[in-house]
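Based on the hints, put chain Z in the right spot on chain D.
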Amino acid sequence: GENVEQHPSTLSVQEGDSAVIKCTYSDSASNYFPWYKQELGKGPQLIIDIRSNVGEKKDQRIAVTLNKTAKHFSLHITETQPEDSAVYFCAASMTGNQFYFGTGTSLTVIP
Amino acid sequence: EAGVTQSPTHLIKTRGQQATLRCSPISGHTSVYWYQQALGLGLQFLLWYDEGEERNRGNFPPRFSGRQFPNYSSELNVNALELEDSALYLCASSLPIFNSDQPQHFGDGTRLSIL
Chain D
3 GENVEQHPST LSVQEGDSAV IKCTYSDSAS NYFPWYKQEL GKGPQLIIDI RSNVGEKKDQ
63 RIAVTLNKTA KHFSLHITET QPEDSAVYFC AASMTGNQFY FGTGTSLTVI P
Chain Z
1055 EAGVTQSPTH LIKTRGQQAT LRCSPISGHT SVYWYQQALG LGLQFLLWYD EGEERNRGNF
1115 PPRFSGRQFP NYSSELNVNA LELEDSALYL CASSLPIFNS DQPQHFGDGT RLSIL
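Protein chains in written order, with my numbering: chain D, 3 to 113; chain Z, 1055 to 1169.
Hints listed in this document are in silico derivations from the structure and should not be mistaken for laboratory results.
Any given hint could turn out to be false.
[Claimed, not checked] Just a sample of chain D residues kept apart from chain Z, beta carbon distances all over 12 Å, derived:
no.	residue
1	S14
2	E17
3	R53
4	T71
5	K73
6	Q83
7	T110
[Stated by the list, open to error] Derived coverage of chain D by chain Z (criterion: at least 3 residues anywhere in the stretch with Cβ under 8 Å from a Cβ of chain Z; other residues may be distant):
no.	segment
8	29–36
9	39–51
10	99–108
Positions of the beta carbon are idealized from the N, C-alpha and C atoms, including for glycine.
Okay, chain D solo, but in the shape it has when bound (with noise of 0.2 Å):
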């Protein structure tokens, strides 16, 4: 089955700096990659995912680029703030199957 890593475990940062976080997976059929981000005390909520046909997607401070030759992507948050101090996870999948997530990101962001 699929394989996902998931770089830094922990990563601190100072505010306005930018974080990023960094995945690969092992099988090459997998296709679409969202990023959750885990607030203490909740559940992962979906911050931004992209598709094996995109190689960068952007939403405001937050973007996600993708190397399928590489078999890795990557979350860029810019212009950091304390709420983003979180648990973030990424995962793969390939259509039709179950999501393989990575282990997560603790970060913490500095005032």
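Just chain Z now, kept in the frame of chain D:
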């Protein structure tokens, strides 16, 4: 639109007992997924139901089971509870995925504590 709802919010049991957790998906969603999240750890896939059928299960013992009802709601049953079953159990739902990619939408989970 109401999101995924899970009940109860918290559940306290003792070793050997049985627990039942419930999930109501977003209206129109036919797939329901269950995950276990131990404290500080990632999401471990438990079960996937679609149209009342179990589509796949993760690497968990048979004492973890569930079902999906005709209204697409679902319940997760855990028998013979063990201390290591203490975790947050998350339910997610999605639109049908067999012909297109659909995101999963999560509830806020049931915190199961085993004493």
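Each hint, compared with the structure:
no.: 1; hint: S14; in the structure: 17 Å, holds
no.: 2; hint: E17; in the structure: 24 Å, holds
no.: 3; hint: R53; in the structure: 6 Å, violated
no.: 4; hint: T71; in the structure: 20 Å, holds
no.: 5; hint: K73; in the structure: 17 Å, holds
no.: 6; hint: Q83; in the structure: 23 Å, holds
no.: 7; hint: T110; in the structure: 14 Å, holds
no.: 8; hint: 29–36; in the structure: holds (count 3)
no.: 9; hint: 39–51; in the structure: holds (count 7)
no.: 10; hint: 99–108; in the structure: holds (count 8)
Of the numbered hints given earlier, the model fails hint 3 alone.
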